[in-house]
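Take a look at the letters that make up each chain.
Protein chains: 2
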Amino acid sequence: MNRFYCAVFAGVLALAAVPAMAEEPPLEIVGMGSFHVGGRLAEITGQPVREITFTPGGTPAKVDPNGRYAVEQMYVQWFRPRAQRGRVPLLLWHGGGLSGVTYETTPDGREGWLNWFLRRGWTVYNSDAVERGRSGWAPPEVWSAPAIHVPIGNPFERFRIGQGEGSYSDDPAKRRVLPGSQFPVEAYDQFPRQLSPRWTTTDEPTIAAYVALVDKVCPCVIVFHSQAGQFGFKVAQARPDKVLALVAVEPAGFGDPAKVDVLKSIPSLMIYGDFIEQDSRWPTIRRNGVAFAERIRAAGGSVDVVDLPAAGIRGNSHMLMMDRNSGDVAQLIQTWLQRKGLWQ
Amino acid sequence: MNRFYCAVFAGVLALAAVPAMAEEPPLEIVGMGSFHVGGRLAEITGQPVREITFTPGGTPAKVDPNGRYAVEQMYVQWFRPRAQRGRVPLLLWHGGGLSGVTYETTPDGREGWLNWFLRRGWTVYNSDAVERGRSGWAPPEVWSAPAIHVPIGNPFERFRIGQGEGSYSDDPAKRRVLPGSQFPVEAYDQFPRQLSPRWTTTDEPTIAAYVALVDKVCPCVIVFHSQAGQFGFKVAQARPDKVLALVAVEPAGFGDPAKVDVLKSIPSLMIYGDFIEQDSRWPTIRRNGVAFAERIRAAGGSVDVVDLPAAGIRGNSHMLMMDRNSGDVAQLIQTWLQRKGLWQ
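Chains as they are written, first to last, in my numbering: chain A, 2 to 345; chain B, 2 to 345.
Extracted from the complex, chain A is given alone in its bound form (with noise of 0.2 angstroms):
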């Protein structure tokens, strides 16, 4: 079994043996916002006025296409708890074809992420990425690639709650669920009501939006999931001195490898669920994250990588933050952080 052999660290297993809280700290959000940051004006020339009426019954208005279109702006919205024990803010970033609600209530109804560390103090920035969600999107005549749409048995098969290709069926008693899965899966149909369709051409933008959420609210931890593995690195790389820690969530994508030194004074925590080996696609992915930590390690960083089932949590899909022990995993983060310094 060396199926966690350069995965598990000294410490990694006492991180989990910390116990969750007997009781719930309290939620007290005693400030909150939103804003839109980064984007560009796209023009559009030479198209016809048209007549539009908005509203049934209602008076049609002009309206000239041509012109500037805001694009490539992201959402934010932000919460601040009445005490504050995060040295800097905590960033959540989500992953491909969903938005920030991932990190909120979960497909069950309990609270997610997002409630889970503004009840530990922490000020939360929790983002929709470019493209997703109340951040917009552009018109064809500037994004000319299609957008994907995913059906709702796509992301039981990719993320590890079903048991891959083939798991998934439209009647729920015949879903072949991983056994010991910890995802909510009585819940689950509420889970595709969050997809949000999405590109695979935007990444440079998606950066770029980010950087700018950086340059305004940080310094700051931020917390990574899947496709924003390669954001949240890229990310720390543009602005090495503004990011505190990076936490990456079973990361998708990763930084430039040939700037892994401008890593190595940032704190990294990386981690994988359950039922990575049984996977078609996830040991890949994997191996490919291990092997950035051990870049970053080469250049003097600091990485760790902790399996969740060697630390003794199991049954974890891709959407960590909705499975059932979705607490757990949040604590083992939070620990991390408070002995990084960034917690008092």
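A couple of the hints might just be wrong.
Note: identical chains are not told apart, hence a pair may lie in one copy or across any two.
[Claimed, not checked] Below, in silico cross-link-like pairs of lysine to aspartate or glutamate (EDC-like), each with a Cα-Cα straight-line distance of 20 angstroms or less: (1) K175 with E44; (2) K265 with E295; (3) K63 with E187.
Everything labelled a hint here was simulated from the structure, so no lab data went into it.
Chain B: place on chain A using the hints.
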């Protein structure tokens, strides 16, 4: 001057005379979450399987576009204040081409109506209507009409910020703002970043999702803006026992005129801002609203129509909740709700 002839009622001027509180009551949120409500599953068949690399350098995934899609659901975020003074929750429904961001921080960084009503002890549900923001949008195989995007100058000219058609310029110094406008024009460029692509074919599913929301969280008070004029009145007509009051803020659409008797037990307030008469479209829109109010009254119902200038509140654009005097308008709504016995 019969400009406000049918709109000024005894008591209306008195509403504005209630002074805004000298000091803002504290913001203290002790509960917060989100969910998606309503929607349906739509099936797509006969499409080829595609292989997509979602993340550069990542591991390709097979995406079978055939299957069922979650469409036409609605995203709702809720907040519960410590001291609950609203007798029922207050629902905020935004206008066309926008999202719940409408009620959050204003373009110039002040607190929006969401925080304003939370500070007065209302539990608030702020939603993104079907197709917009965190509600997602359906694949072209399901919604065949193209989305409508508008350039950044469109709301400037259409929402009574500038002096109508041709008043917008990409050069801020050359924009012709309505004299006396309360819109924070120096921050105008932040506003179009909130725009959401829209369809003109989704009114029925939007109403269905709002009805599902009302079934889930009401009895309640609904504050609705612009395009949501039709949604507010039609949903109240569908669920009259669940709606204790309606606040129509510059409604651009209305309910079913054949069913106004259903609304007679629901006290309603209609609010219009400034510069209506000099606009090319708003005199008609307002006239339609007043005519709908008169139908409700003729059926025995109660509707107060307030033209803000007649109530001493001047300079309001269509985006009243973003104007510099947005607190005065909110206070007028609050005072009206208090008089209806809905706040304690």
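Right, here's what the structure says about each hint:
In this homomeric assembly, K175 and E44 come within 20 angstroms of each other (Cα to Cα) only across copies, at 19 angstroms, whereas the closest approach inside a single copy is 50 angstroms. For the identical chains of this complex, K265 and E295 are intra-copy neighbours only, at 11 angstroms inside a copy versus 70 angstroms across copies, given an alpha-carbon limit of 20 angstroms. For a Cα distance limit of 20 angstroms, the shortest separation of K63 from E187 qualifies neither inside one copy, at 48 angstroms, nor across copies, at 25 angstroms.
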